[in-house]
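*Asks:* Whole structure, please, built from the sequences with the hints as guidance.
Here the protein sequences come in this chain order: A and B.
According to our numbering, the stretch in the first sequence is residues 1 to 754, in order.
According to our numbering, the stretch in the second sequence is residues 1 to 754, in order.
Any given hint could turn out to be false.
If chains are identical, the list can't say which one is meant, so a pair holds when it fits in one copy or spans any two.
Computed list of lysine-lysine pairs in DSS-like fashion (alpha-carbon distance at most 27 angstroms, straight line) [what the hints assert, rightly or not]:
1) Lys289 with Lys740
2) Lys619 with Lys740
3) Lys568 with Lys402
4) Lys402 with Lys740
5) Lys568 with Lys400
6) Lys291 with Lys549
7) Lys23 with Lys263
8) Lys27 with Lys263
No lab work stands behind these hints: they were computed from the structure.
Everything numeric in this text was worked out from a predicted model, so none of it was measured.
Below, each chain spelled out in residue letters.
Protein chains: 2
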Amino acid sequence: MNSEKRDFSVIGTSVRRVDGADKVTGKARYAGDLIIPGMIEGKFLRSPYAHARILSIDTREVEALPGVIAVITSKDFSDVSPYMGRGKNRDHPIIAVDRVIFAGQPVAAVAAVDRATAEEALARIAVEYQELPALIDVEDALATGAPRIHEFAEKNICFQTELVKGDVESGFAEADEIFEDTFEFPMIYHYSMEPHTAIAEVDSDGINIWTSTGHPFGVRQEIAEIYHYPLSKIRVHVNFVGGAYGSKSGGKIEPLVVALARKAQRPVRVALNVAEAMVTCRRHAVQCKLKTGVKKDGTLIAKQAEIYLNTGAYAETGPIVTGRTLTRILGPYRYPNLKINSYCVYTNTVSAASFRSIGGPQTAWATESQMDIIAQKLGLDPVELRLKNLVKKGEEIRPKLKPLDADLAKGLKLVTDKLGWDGALSKTGRGRGVGFGTTDPGAPLASTSTVHVLADGSVVLLCGTVELGQGAKTVMSQIVAEELSVPLERVTIRPIDTAFTPFDRSTGSSRSTTVMGKAVELAGSDARRQILELAQEHFESPEEAITLKDGQAIAGGKKVSYGELIHKHFAMQGGELVGRGYAHSGMAPTPANPLFWEIGIGAVELDVDQETGEVHVHKYVTAADAGKALHPLHCEGQDEGSAMMGIGHTFYEAYQFDSGQIINAGMVDYKVPGFDDVPDQFDSILIEDGNGPGPYGAKGLGEGGIIPVAPAIANAIAWCSGARIKTLPLTPEKVWRAIKDAGQVASSGLRSRT
Amino acid sequence: MNSEKRDFSVIGTSVRRVDGADKVTGKARYAGDLIIPGMIEGKFLRSPYAHARILSIDTREVEALPGVIAVITSKDFSDVSPYMGRGKNRDHPIIAVDRVIFAGQPVAAVAAVDRATAEEALARIAVEYQELPALIDVEDALATGAPRIHEFAEKNICFQTELVKGDVESGFAEADEIFEDTFEFPMIYHYSMEPHTAIAEVDSDGINIWTSTGHPFGVRQEIAEIYHYPLSKIRVHVNFVGGAYGSKSGGKIEPLVVALARKAQRPVRVALNVAEAMVTCRRHAVQCKLKTGVKKDGTLIAKQAEIYLNTGAYAETGPIVTGRTLTRILGPYRYPNLKINSYCVYTNTVSAASFRSIGGPQTAWATESQMDIIAQKLGLDPVELRLKNLVKKGEEIRPKLKPLDADLAKGLKLVTDKLGWDGALSKTGRGRGVGFGTTDPGAPLASTSTVHVLADGSVVLLCGTVELGQGAKTVMSQIVAEELSVPLERVTIRPIDTAFTPFDRSTGSSRSTTVMGKAVELAGSDARRQILELAQEHFESPEEAITLKDGQAIAGGKKVSYGELIHKHFAMQGGELVGRGYAHSGMAPTPANPLFWEIGIGAVELDVDQETGEVHVHKYVTAADAGKALHPLHCEGQDEGSAMMGIGHTFYEAYQFDSGQIINAGMVDYKVPGFDDVPDQFDSILIEDGNGPGPYGAKGLGEGGIIPVAPAIANAIAWCSGARIKTLPLTPEKVWRAIKDAGQVASSGLRSRT
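*Replies:* And the structure:
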């Protein structure tokens with residue numbers, strides 16, 4: 001069915017969440033709420049050192065402890081692969097082997113009849129360590145003579161990549177001004193509401209796993225590889241997950257929980273606390289050294305960047321994130337000459353993982369901050385500077401990638417109009433900032449879905465997208481209701497059980513509505529086609545004469561319910577129709593990458609308390625290019641949530657280390673934004689140009705909104721206070737010091753501009 | 001794919017059962033083995049009277065008993081339908097309302113923290129009854145002036161039906177001899193290894209049921225109707241069931257278990273014992289009054305029958321069984337004139353239900369016994385008499401039904417040759433008997449199946465056929481392996497969960513291999529077609545150039561695994577193909593009824609101890625028309641098991657009543673055959689003419705073998721001892737008395753024939 005000028009029944013309507021009642025009544029069960037008969041509790045013993053040799057682990061006393069069912073060390077992996085990791089990067093031991101290379105690394109694990117016994121057992125495991133020097137920062141890891149964290153990784157480089165276009169040296173030679181700045185973005189934590197929790201049960205012909213993952217099929221793959229089972233024997237169950245943001249992509253704690261269950265021969269649950277989740281994965285800290293050449297009128301001529309990602313102990317998705325920075329450092333701007341080098345660097349810290357817009361906020365922090373430095377220096381309005389350099393719709397952002405599929409100037413105008421932009425400094429002295437997120441989302445293809453029409457006309461959807469809070473169950477149900485012309489209430493979406501639910505690559509990278517949504521749309525329309533065939537037979541009428549509405553086929557004034565059609569087709573004995581849909585490589589025409597461009601735009605108005613350095617955000621406008629907003633309220637919710645998450649890393653968040661150990665792990669010491677941090681005026685705009693490859697023209701969103709927040713705010717601070725800060729977070733102390741450092745010069749400079 | 005002259009890889013091979021290891025190791029979990037978190041135990045309070053008014057039920061004391069969670073009486077059904085029952089016959093209250101009409105009827109139910117508490121609670125429920133006269137036998141129920149068991153049922157007739165062909169009175173006028181006999185077949189019990197067991201869990205948006213049913217989708221339908229849920233909200237889970245034979249068709253205890261769980265708001269398990277299962281359902285006792293007119297040469301001219309089925313308290317499947325007797329009383333014989341009247345009669349006994357070949361053994365008991373009475377009288381060999389009257393392949397058995405699809409004479413010859421038939425009395429004085437089962441199995445259409453090919457080439461089958469012990473998991477896996485050209489080990493068949501498993505009408509009435517097997521075959525070939533399409537793209541070759549073998553596509557000396565093809569198709573991100581298959585009304589050309597004729601043939605050689613009446617079965621040969629035996633060993637097992645079940649009702653089984661109560665309920669008092677009862681020589685023959693509508697020409701079997709056993713044995717007894725017995729079972733006492741009664745006359749009559 002074509003999306004053009006179509007009258008939608010439920011698409012585009014902000015229906016009530018299909019899982020809303022379950023959530024507000026507490027009925028929705030998360031992994032930690034489940035009780036599996038015979039289940040016992042597991043705990044991990046973690047290294048206190050960031051780098052140490054393990055001289056010995058003595059588990060004998062613990063194994064004899066009443067209530068202890070299983071104790072695991074690396075010795076328990078002799079018959080299977082002891083390594084996990086994404087794709088080719090299987091460098092990550094499931095449990096430390098001979099040495100630990102970050103503080104918090106599991107060195108042993110225990111399963112016991114209850115948590116208290118498990119905790120007591122941990123305390124009694126005797127581990128003898130020989131501490132070794134630890135490399136926490138990228139500078140340390142890259143320093144000449146630094147020890148290698150992995151034998152195979154020369155200079156501690158996990159991966160490096162380069163993008164070259166034109167000749168950056170000639171570009172600089174042509175430039176009127178050259179700007180060189182270094183920006184720092186710290187390690188931060190995903191902080192989903194639910195820390196990692198998994199239950200595993202192992203028997204001779206299969207493994208059951210109930211887990212808080214965003215990648216049930218990724219976990220299936222990982223466990224199948226490690227423990228040598230066919231995919232059909234690994235059953236991963238997921239229903240509700242309390243947020244993920246990348247922290248639950250691929251196998252995390254599951255391989256070790258399976259090891260415990262395998263040894264215990266009983267179901268074992270491991271539920272991490274926040275401090276443990278913080279040493280399970282995090283966002284990449286990134287240092288960007290930017291050199292940009294500009295003409296006097298603001299035209300960008302050349303850009304050179306060196307990007308260093310602190311990827312931590314193991315590769316995880318580090319190489320993918322590093323690859324993605326090449327595009328993301330560009331922003332949506334046109335550069336005739338480019339030379340970008342990006343380095344993924346091992347350190348003795350917890351491995352970095354995927355995190356909402358991988359490499360996006362970190363690189364935009366640099367590029368969008370520097371844009372305003374340029375504007376200020378050249379005496380240009382930052383909006384004007386951006387408009388001058390914006391890549392146009394259909395124009396190339398980066399060689400060989402799909403051309404831009406959105407009109408950014410139009411979007412920017414919507415945002416600045418909403419904010420009331422008439423300059424970077426308001427008439428009342430407030431600072432204003434603006435920025436873009438223009439990214440090539442992963443959005444990998446590969447989703448299969450089935451839609452089942454039962455003999456009473458009720459409809460069942462099998463779809464492997466995980467409900468992470470984003471509203472996936474609702475939007476997928478809407479698509480099915482739309483395709484089948486049935487009331488939304490008639491559609492039931494099943495929990496994910498990989499024994500039954502067809503394959504989906506993953507939930508994340510802005511792919512679900514676009515890619516899985518397409519598979520669901522096709523499954524629904526396949527079922528619709530079958531109903532139409534039965535209706536044609538029933539009415540003895542051609543398809544054109546038949547209308548489907550509210551679960552009925554209508555022709556020539558006569559009606560028949562889907563249920564009646566199915567009963568008749570199946571000899572009045574019940575029956576069921578199955579529609580199937582695939583999102584496969586055929587969905588993406590060449591060039592396939594990215595499947596679509598994800599666009600976020602942000603603008604802010606704020607003021608700064610010169611006495612305290614405290615920043616007050618008066619207005620924030622965020623815009624997302626939705627293509628077609630299938631559920632506008634959820635789209636806005638995603639985009640606003642993304643911007644709020646950006647406010648978190650802008651003002652508060654950073655891992656803090658002392659001697660290689662994180663000293664602010666936990667809910668009290670690691671602050672995230674709360675309701676007090678919501679801007680006084682907080683607007684979100686959905687741009688709907690039907691330009692997406694997803695159902696009805698939809699494209700992914702939810703990762704764009706986070707990107708421009710920090711630079712827009714830093715720029716606004718700079719415009720109104722003169723304080724230019726290049727490291728996050730923008731704590732009051734840091735702002736206050738920057739204001740002091742900027743002194744009178746900047747201040748008077750600003751005044752002279754207005 | 002055509003079955004003609006096809007080289008099969010796994011079809012037709014008696015592979016090891018796919019569930020064999022789970023069963024012999026005790027890993028296979030039946031409903032009674034399951035533990036659902038929070039589960040409590042339910043018990044039913046049953047009426048001691050066959051007919052009584054309930055004056056009062058006082059549950060107050062019990063409700064206050066510590067550990068009692070819920071107490072149920074008919075008052076708890078005020079908001080839902082209190083009636084259950086198959087199809088239109090919803091006359092069966094889930095729990096007694098105001099009166100009880102059979103001994104064993106549930107009048108109250110309790111759910112408590114454990115079984116002991118539940119049992120104590122039952123003992124404390126005070127029920128005041130006013131006993132009423134009970135009608136146990138059909139004669140009592142039909143007697144003039146008998147009270148009505150149901151107000152709506154005049155003369156206690158639940159249903160009656162008639163078959164007329166030609167003019168039976170003219171037929172009798174033409175006959176040389178007329179035979180009039182009355183045969184009795186008692187109530188018997190299914191005696192599956194596992195009594196009925198169910199667990200239910202009810203919450204606001206759905207019901208979960210784990211149950212030992214053969215009809216998961218029938219239970220879903222029943223519960224949905226009673227409790228007003230859409231089908232999509234009722235989730236029935238079944239994996240292994242320990243036999244059914246009709247006793248687990250449709251809702252049995254499930255509606256009442258759901259009622260308990262609904263009130264308890266906790267999962268409730270009810271596990272019946274054998275005595276309780278015996279008052280849950282049974283086989284119809286049948287009385288057949290036969291009048292048959294025959295020419296001197298043995299040609300059958302006319303048949304008149306009055307058939308009375310004791311259907312018990314409620315209709316259940318009584319009307320269906322009664323309808324089926326019209327065909328089944330005919331046997332495979334040609335009658336120019338017919339008048340058959342069949343009556344389904346209510347009595348104050350437990351409701352009769354479906355039971356392996358509904359109405360088959362009871363009517364064949366009459367017809368096949370009388371055939372030998374005729375042969376004896378006319379001085380004909382009973383095999384010759386049968387051959388003279390057999391309906392031929394393609395000829396009509398009964399007007400408007402599909403013509404016979406098997407060559408019975410050929411089958412009979414196979415059986416009698418195997419037995420070494422050279423007359424009804426062997427040279428050593430042993431008796432011989434023979435008989436047919438020629439029935440129109442229900443085998444209703446309506447099955448949907450899906451076959452899933454995963455990205456590592458492993459294959460998953462979703463199929464709603466219940467593994468009752470008959471080998472369904474194995475044969476369905478074989479079909480998938482054959483269609484997809486993969487090794488059998490690569491196919492995993494999932495447990496049934498109606499949340500995910502596509503619809504199947506039921507497991508029973510000889511339909512699974514034929515009807516669901518067809519859906520599975522089509523789902524497999526649909527997946528095969530998709531793999532071939534990917535292979536064509538991959539090899540850039542036409543389909544004809546590609547061979548599929550062992551999970552690989554092969555063309556021009558190059559190989560690619562299914563997994564690689566799927567990965568490539570899904571942009572190297574995993575993926576899954578879904579094949580679907582439907583068995584619907586299009587599967588059966590007109591006339592559609594029966595889908596096929598089910599053929600069983602039996603022959604026996606035995607002798608009788610004249611002093612004790614004990615019968616010793618020396619040889620038994622059973623034959624089944626398999627069409628194509630997909631798993632020969634399982635086919636033989638089904639057919640032999642069916643014959644052994646026949647040996648049970650032939651020699652041992654019958655409900656015995658005293659004052660309306662069953663006095664032999666339980667494993668000790670109700671004898672079923674054991675290994676000692678296996679005939680010394682026990683042969684089974686599979687006839688494979690590829691004449692079935694199922695996959696590869698298969699047709700159903702397993703219900704045919706039970707039919708001829710009792711008359712074949714009774715006939716053999718008559719031939720060698722002169723004792724003609726017309727009521728089952730053939731206990732030694734009954735045989736001894738019959739020998740005495742027959743006296744010298746019959747004995748000398750026999751001698752004169754040899």
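*Asks:* Given identical chains, is Lys23 near Lys263, meaning Cα to Cα at most 27 angstroms, within a copy, between copies, both, or neither?
*Replies:* Answer is between; shortest inter-copy Cα gap is 24 angstroms, intra-copy 35 angstroms.
*Asks:* State whether the alpha carbon distance between Lys291 and Lys549 is at most 27 angstroms within one copy, between copies, both, or neither.
*Replies:* neither (60 angstroms within a copy, 59 angstroms between copies)
*Asks:* I want to check one pair: Lys402 and Lys740. Are their C-alpha atoms no more than 27 angstroms apart within a copy, between two copies, both, or neither?
*Replies:* neither (46 angstroms within a copy, 99 angstroms between copies)
*Asks:* Check Lys568 against Lys400 for me: Cα-Cα at most 27 angstroms, and say if that holds within a copy, between copies, both or neither.
*Replies:* between (54 angstroms within a copy, 21 angstroms between copies)
*Asks:* Indicate which option fits the pair Lys27, Lys263 if close means a Cα-Cα distance not exceeding 27 angstroms: within, between, both or neither.
*Replies:* between (33 angstroms within a copy, 18 angstroms between copies)
*Asks:* Give the relationship of Lys289 and Lys740 under a CA distance limit of 27 angstroms: within one copy only, between copies only, both, or neither.
*Replies:* Answer is within: at 25 angstroms inside a copy they meet the 27 angstroms cutoff, but 113 angstroms across does not.
*Asks:* When no copy is specified for Lys619 and Lys740, does a C-alpha distance of 27 angstroms or less occur within a copy, between copies, both, or neither?
*Replies:* Answer is within: at 26 angstroms inside a copy they meet the 27 angstroms cutoff, but 109 angstroms across does not.
*Asks:* How would you classify Lys568 and Lys402 at a CA-CA limit of 27 angstroms: within, between, both, or neither?
*Replies:* between (49 angstroms within a copy, 21 angstroms between copies)
Comparing the model with each earlier hint shows violations of hints 4 and 6; every other hint is respected.
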